[in-house]
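S.K.: Using the sequences provided together with the hints, build the complete structure.
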Amino acid sequence: MKKALEIFLGILTAMGGFVEIGELVFSINAGAKFGYSLLWVVALGTIGIIIYGEMAGRIAAVTGQPVFYLIRERAGFVVGLGTLVAANLVNLLTCAAEIGGVAILLKLALNWPYRVFILLGLIFFLLVMWFLPFQWIERTFGLLGLLMVVFMLTAILLKPDWPQAAAGFIPNVPALESPKEYLVYAYFAVALMSSIMLPYETYFYASGGIEDHWTPSDVPLNRIIVTVGFVLGSLLAVALIIMGARLFLPNHIEPQLPGSAALGPVIVFGKWGLALALLGMFFAFGGAAIETCLSAAYNLAQFVGWPWGKFRKPGGAPRFALAWITMLILAGLLITTGVDPVSVVEYSIIFSVIILPLTYLPILLVAADRTCMGAFANRWWANTLGWFYLIILTIAGLCAIPLLIITHGGKG
Amino acid sequence: MNQQEYLDIARQVLDRQLIDSNNIPCGKADDLEVECGPGGRLKMTAILVGPDARARRLPGLLRTLARRFLGDKVVRVPWGEVSVITSQIKLKSRASELGLDGAERRAARLIRQIPGA
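Protein chains in written order, with numbering that gives the first Met the number 0: chain A, 0 to 411; chain B, 0 to 116.
Honestly, the hints are just simulated from the structure, not real lab data. Be aware that one or more of the hints could be misleading.
To be verified - Short, incomplete list of chain A residues facing chain B, as computed with Cβ under 7 Å:
1. Glu72
2. Phe310
3. Gly314
Idealized CB from N, CA, C, for every residue including glycine.
M.R.: The following block contains the structure:
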């Protein structure tokens, strides 16, 4: 019974924590620009994050090793250090964007100056992270992030053309007006894929398993949570694309995100829709701000060998605590300079694709290694899928920056 | 892993996590010290831990920068201190007895000034 509850809560937490500002921005824009035709990327990315999330969680449960132990052991010190620096820069950008997103949402609700909300948000996150235990943070933000389900209901009530949406799940390239548009399409495909497979998700998920003291008996739990939780979470991304396609594409509107995301729920549900959408996004972005900032501290502590984890009191893992405090403050300072959170999101997502292969290769090598994993090592199909995604991500990683430059960040 | 009759020091020791006798993480095997005995036999003598042991592994300019900003401290953990090697390396003594807790202690003094730590 206790196990069933744990699985249930785990699934809901994984679902509620699936969407963050990057995914929201790229999903809605993908729908607004290309209708349903990029839905297949959501499916592709979701299977990818399930495969690698499951492997990272399984390694954590079986060997107690988080991702940055593996990166340093398998990629070596120098390449590992490069990955650490890149991963934490991406974490910093993502965290800054999430804080900015939260401030924009608060500004929509109460019309005070933007920077006041950045400061309030920062203080709120610091207090939450200092005082609440790991599982409380994870569950509170995950479960309240589920208010985003209002976007799913909105998408359904906007009466999408279901057969056409279903066709979008088959990989396709629609007929577009100019060659440049095809590049924009490719840019969105890469960005959407990256936003779903963001590297911090595996860092955080594996470290979280160790925070929750997983053992090999938790391998099935890990598998169910990842599969069901991420599939349900991806439906939120699907809903956002559909909403973009139904609401913004026919009217040629370029949505001002994240605020105009609430437009859909407002049209369908009125005042209550607005409230639910804003609250859902607040907890989804807030949860991601905390997760990225904790990820940065996990990565650093795991790479250099410090005691780490929220299960230790700050006094028992002082350098780890200093690391996340510093990270949160740096992210706050970055966004206070007035940079647009949405452009920060774009950079964080594009740079993420580049470090994805470096993050996932060590995970794949260890998960496949029988001397480390024993009976829990990858079966042939997990290895095949693992390598398949590694190739796709490497290609996406090589295209990412050229596409960013040529398309001016998807603007054509 | 214990039944194996040989130890692959590059894969099973270098860059692995060290934990002290209380299972507290206390650094990584940043570098290894090997001695050449009679007849050319190599013998592991120590695990080296700390910023300088890491800096040595970086290329030119990065090495200089790392030493400048992170210091040049190295702690030598004699090989005889190793208790068990699994996916981590367990040591026989406490981190404080091995001199591996300096920076952690200084950080703890700072963080404990905040209420709730």
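S.K.: Each hint: holds or not?
M.R.: Results of checking the hints against the structure:
Taking 7 Å as the C-beta contact cut-off toward chain B, the hint placing glutamate 72(A) at the interface holds, the least distance being around 5 Å. Violation of the interface hint for phenylalanine 310(A) is found here, the shortest Cβ-Cβ separation to chain B being roughly 13 Å, above the 7 Å cut-off. This hint holds: glycine 314(A) has a C-beta 4 Å from the nearest C-beta of chain B, less than the 7 Å allowed.
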